[in-house]
Amino acid sequence: MTDTVRVESLRGIMMRGPGITATLPFYEDMWGLRLAHKEDGLALLRGTGPEAYLYGLKDGPVFGIEYIHFAMRDRASMDALFAQVVARGASVVGRPAPFDDWVGGYGFELIDPDNRRLRFRTEARRHDEEPEWAKPRKVSHVVLNTADMEGVQQFYTDVLGFRVSDYSADQMVFLRCNTDHHSIALVRNAYASVNHVAFEMPTINEFMRGIGRMKQKGHVPTWGPGRHGPGNNPFAYFVSPSGFCIEFTSELQQIDEATHEAQVWSRNDPEAMDRWMTAGPPTPAQRAVMQGRPDPGFPDLRMAEAT
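In terms of the working numbering, the sequence shown opens at residue 1 and continues consecutively.
Since the hints were derived computationally from the structure, they do not count as laboratory data. Be a bit skeptical, because a hint or two may be false.
Simulated restraints, written as ranges between beta carbons of each label pair [said to hold, decoys possible]: (1) Ala97 / Glu271: 43 to 53 Å; (2) Arg95 / Ser266: 24 to 34 Å; (3) Gln171 / Lys38: 16 to 26 Å; (4) Pro281 / Ile204: 31 to 41 Å; (5) Ala288 / Gly60: 14 to 24 Å.
Derived lysine-lysine pairs resembling DSS-like cross-links, with alpha carbons at most 30 Å apart [claimed, not checked]: (6) Lys215 / Lys38; (7) Lys38 / Lys217; (8) Lys58 / Lys38.
Computed from a predicted model, the values in this text were never measured in an experiment. Note that beta-carbon positions come from the ideal geometry of N, C-alpha and C, so glycine has one too.
Turn these sequences into a full structure, and let the hints steer you where they fit.
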């Protein structure tokens, strides 16, 4: 059996919802992102790193995920990934081809078991890195709620080459595609929805200063600051004007493939949830916002096979 092709990295995410582009000032003035590109009904926000954009806002009738955005190294690895996902039964939207949007590049899309659209892109537009104090550098991870945690986990591992880093009891699984402890995590839920999107600050001091900037502008964390057990990353969660949960984080655990063994973290141990014991458990309100709004996704995009 040939080796499984692995997704290279997480680029970011495109969110959608009614009037969501009107919330652009929040991300520019408070969250620390910069406008990279704007057109009617669409705004793309960049961080201080090289990605063309980290977080997209697209006006649409239903709150949820327009697509999750991943990178592949080059066209050869993209084509190999496409061949793998077709061979393993994934529902692709089309064959690899040039993208005609502002970001450009080459790739394809598929639909995951929860009808989420995943976009894979190489040769994308890039920026020069422009470090700026206490501003997000990249999207660290996306956490997804699902009614079929085991089935969606199997899709990400078997079809896309992700690996399990850790579990939070039987309620959550952390999945990696590179050395980052998790780029995708799955949470058991009654329905598919977005749980939260995490933005990486370069240092712990910048993580804290980002929290401070938000507080000075009247937005306090809804949970945090604290430090998670799985991933060992500090966290501070906020609620966006559109009602999405977003997180500042830093210092995410880096995995050594030769030595790492997944473990099951207890959800009954307060220090497994917050090693610093500064945040306490999430409140019912916090759990409700992380439960998210049901996202039907894009079943109409499915194709039985690539043509």
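Tested hints:
1. Ala97 / Glu271: 43 to 53 Å: For Ala97 and Glu271 the Cβ distance comes to about 49 Å; the hint holds.
2. Arg95 / Ser266: 24 to 34 Å: violated (45 Å)
3. Gln171 / Lys38: 16 to 26 Å: Since Gln171 and Lys38 have Cβ atoms about 39 Å apart, the given range 16 to 26 Å is violated.
4. Pro281 / Ile204: 31 to 41 Å: violated (23 Å)
5. Ala288 / Gly60: 14 to 24 Å: Holds, since Ala288 and Gly60 (Cβ atoms, about 23 Å apart) stay within the stated range.
6. Lys215 / Lys38: holds (28 Å)
7. Lys38 / Lys217: holds (25 Å)
8. Lys58 / Lys38: holds (10 Å)
Figure legend: structure checked against the earlier numbered hints; hints not met, in rising order: 2, 3, 4.
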